[in-house]
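Starting from the known structure of chain U, fit chains G, C and L with the ligands onto it as the hints suggest.
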Amino acid sequence: MAWRQHDYDEIPGTYVFDGKRSHSGYALNRMAFSFNSEANRQEFAADMDAYCRKYGLSDEQREAVLNGEFLKLLQMGGNIYYLAKIAVFHGMTVQDAGAAFHGITTDEFKQILLNNASGFEERLKQEGGFWHG
Amino acid sequence: MAWRQHDYDEIPGTYVFDGKRSHSGYALNRMAFSFNSEANRQEFAADMDAYCRKYGLSDEQREAVLNGEFLKLLQMGGNIYYLAKIAVFHGMTVQDAGAAFHGITTDEFKQILLNNASGFEERLKQEGGFWHG
Amino acid sequence: MAKIIGGLTTSHIPAIGNAMYSKLEQEPYWKRFFDGYEPVKEWLDEVQPDLAIVVYNDHGLNFFLNQVPTFALGCADSYQNDDEGWGIPASADVKGDAELSWHIAETMIRDEFDITTCQEMKVDHGFMVPMNLFWRDKPTTNWPKAIPLAVNTVQHPLTSAKRCYDLGKSLRKAIDSYPEDMKVVVIGTGGLSHQLQGERAGIIDVDFDLECMDKIINEPSWMTGLSNDYIMEKAGTEGIEVIMWMVMRGALNDKVNVLHKHYHAPISNTGAGVLLLTDAE
Amino acid sequence: MAKIIGGLTTSHIPAIGNAMYSKLEQEPYWKRFFDGYEPVKEWLDEVQPDLAIVVYNDHGLNFFLNQVPTFALGCADSYQNDDEGWGIPASADVKGDAELSWHIAETMIRDEFDITTCQEMKVDHGFMVPMNLFWRDKPTTNWPKAIPLAVNTVQHPLTSAKRCYDLGKSLRKAIDSYPEDMKVVVIGTGGLSHQLQGERAGIIDVDFDLECMDKIINEPSWMTGLSNDYIMEKAGTEGIEVIMWMVMRGALNDKVNVLHKHYHAPISNTGAGVLLLTDAE
Ligand SMILES: [Fe+3]
Ligand SMILES: [Fe+3]
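Chains as they are written, first to last, in my numbering: chain U, 1 to 133; chain G, 1001 to 1133; chain C, 2001 to 2281; chain L, 3001 to 3281.
Okay, chain U solo, but in the shape it has when bound (with noise of 0.2 Å):
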């Protein structure tokens, strides 16, 4: 049996987080879970390997995990907000980890997110009404 297809499977660069991707992610995500803890945040760090075993992660999710590629653990069912939670460990934010989703700096990340909002406040002029700032 084949998990079923979804339209937004179609939307590009984009991994709905659905059952499919939960189910595959399970272990992944519940490892991230307990980082939520200080202590466990400091078992992973003394050794993460081991840590990573004793969830039960697959061996490609294990080493994607220790060399902290962010979009093969989204492909392999990672949650954004629970990998979030791995990136820490990497010294890495949301900011840096949309920048390795796409291949590059952060700096250049950030300055998509500012194209893709420049011009907001003469959008906000030409919107009408009244508007704060």
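Be careful, since some hints might not be right.
[To be verified] Straight line, CA to CA, 25 Å or less: simulated DSS-like cross-link-like pairs of lysine-lysine: (1) 2162/C x 2173/C; (2) 125/U x 3234/L; (3) 3234/L x 1020/G; (4) 2095/C x 2145/C; (5) 2162/C x 3162/L; (6) 2169/C x 2255/C.
Keep in mind that the hints were calculated from the coordinates and are not lab data.
Chains G, C and L with the ligands alone, transformed into the frame defined by chain U:
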């Protein structure tokens, strides 16, 4: 602010387990829930008083737990399914608890059940249609 | 395509589990009760369902009062039984079907049911007693797969008989639209009349139980018209579990064939009813 | 009688929490964003609400994927913030109102919403950032009480903008029928456009954000007509959080007064919108 009244409050001898009851019995039921674990049951059996204090029961609740006063526990927010986990320590089944709620013996309680159901086989015949047995 | 081939009902009280565990089936107190399951077991043997959807309530194993979902759907590949506080050894795991579960979840949420999805779920006597009643004569490896659908009947406010019935209709839609060939049975569990708590403990209302069984078969709209207050007044606070039978009923056609019906009382504190229904035209 | 005196919206991303924690409000990157909250804070100072209902989603603090409720309502007397994995010190507890929560739960379940009741609930940045944005200048003891209403926007399948809007209507009914004199604000949080994940990360769609803000004010039926697929395509996978604004909108009259609106982008990866609405006739 008083908790809101409900029509079901009028049903005699009945303690519908709503928000008000659950709120007042939260610590008590939380303790009972912990008895799903054998280690916790042993800790409780070793020092019931201390265990009740650890879970923050009120003095009245603690005393009723120690004395096995199940009607009082019900009135103080105990849920029947959670009270069943406490009843075990007093060697009581739900039928013993049912008898205790009435202040009668378990045999007398079982007789009530038999009386309530008596004649059901004749009723099945009256009811018509095919019934197995 | 998947297909619902039948709807079953049964009580699920722990006393029944104890009786099976202690092999009391032939004792005078239990014999007539257990005999009532034999025709259903024969039917199941014949039709060999691939999967059972078990509608039940948790009594404080998987869900504590910190977080009580109105409807919770198992979305895992297996489900674990565990110690409920009585020290009874846990049964073997039951195999699930995560793909089908997620398909059901998608259908139900699209139909505006606000379910909770559970990728880990311990199943208590409310689930295990029915599975054992219907399949205990077979090795666990020959049991059908199962999906637990837990309805909150413990922490008021509770959902209604009507909402359960409507959820059953959505469940039907989900199964009918699942592309894999599978034979599915839906099991409504719990009830019938009983009240475990308070000075009114010990209620058994044979008339109400038989009326419910008749109406669930022939006139489900009677049942969906009942308020929870009315059901509790008649059938006892724990008798409210009967609303879970309506999920099963909603998953069948408006008209059904009755292949089997059975009633016995008292079993422990409970009136116990068994139904086996299939779609009529 | 209790009364909803206004509806607020805001983004709730952690970066905003970090900026407040590090006192960056006057930095060039942040100043225009934070300035947008000042008129709302003045209004709140004037009207002094007794309680805030905060509609937000949990991002992996209180709920793990083992058990994901579509709608979860806090039913406790206080709520705890906690470590989300970044080692930021937890904020002080926020005071709740269990009686009102259970009244809301009863109303919503009667209205056929299948909510999960939570007598213990940790609240993450999705809840704390909005509370801090609106009340951080006051000592915590002067904050209004709050009730968290968590909507699943993480684990698909998700509920819809329409269902959120309808839930808001039920929330309104609950507040209107609560006998205590209380002034209540409803806060829809999250959004606007952002996508954190994948090769499409970095979406900000100013046009869509402004259209959403306009339609939420003037034509909520436009928003309730949108599919989740459409919203994700336009606003990004995390932009779907905007459906939570519709709970707030449903709790207000069909026609509303706009006391304040503000938009800024980008804030971290996000288009950030602020609304302050009150009932018009
Ligand atoms: Fe039960
Ligand atoms: Fe968020």
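Status of each hint after checking the structure:
1. For the proposed pair residue 2162/C and residue 2173/C, the alpha carbon gap of about 17 Å is at most 25 Å, so the pair holds.
2. Between residue 125/U and residue 3234/L the CA atoms are separated by roughly 22 Å; this keeps the pair inside 25 Å, and the hint holds.
3. As the CA atoms of residue 3234/L and residue 1020/G are separated by approximately 45 Å, the hinted pair breaks the 25 Å bound.
4. A hinted pair counts as satisfied when its Cα atoms are at most 25 Å apart, and residue 2095/C with residue 2145/C qualifies at roughly 5 Å.
5. Between residue 2162/C and residue 3162/L, the direct Cα distance comes to roughly 22 Å. Compliance with the 25 Å bound is thereby established for this hinted pair.
6. Among the hinted pairs, residue 2169/C with residue 2255/C is consistent with the structure: their alpha-carbon atoms are about 14 Å apart, no more than 25 Å.
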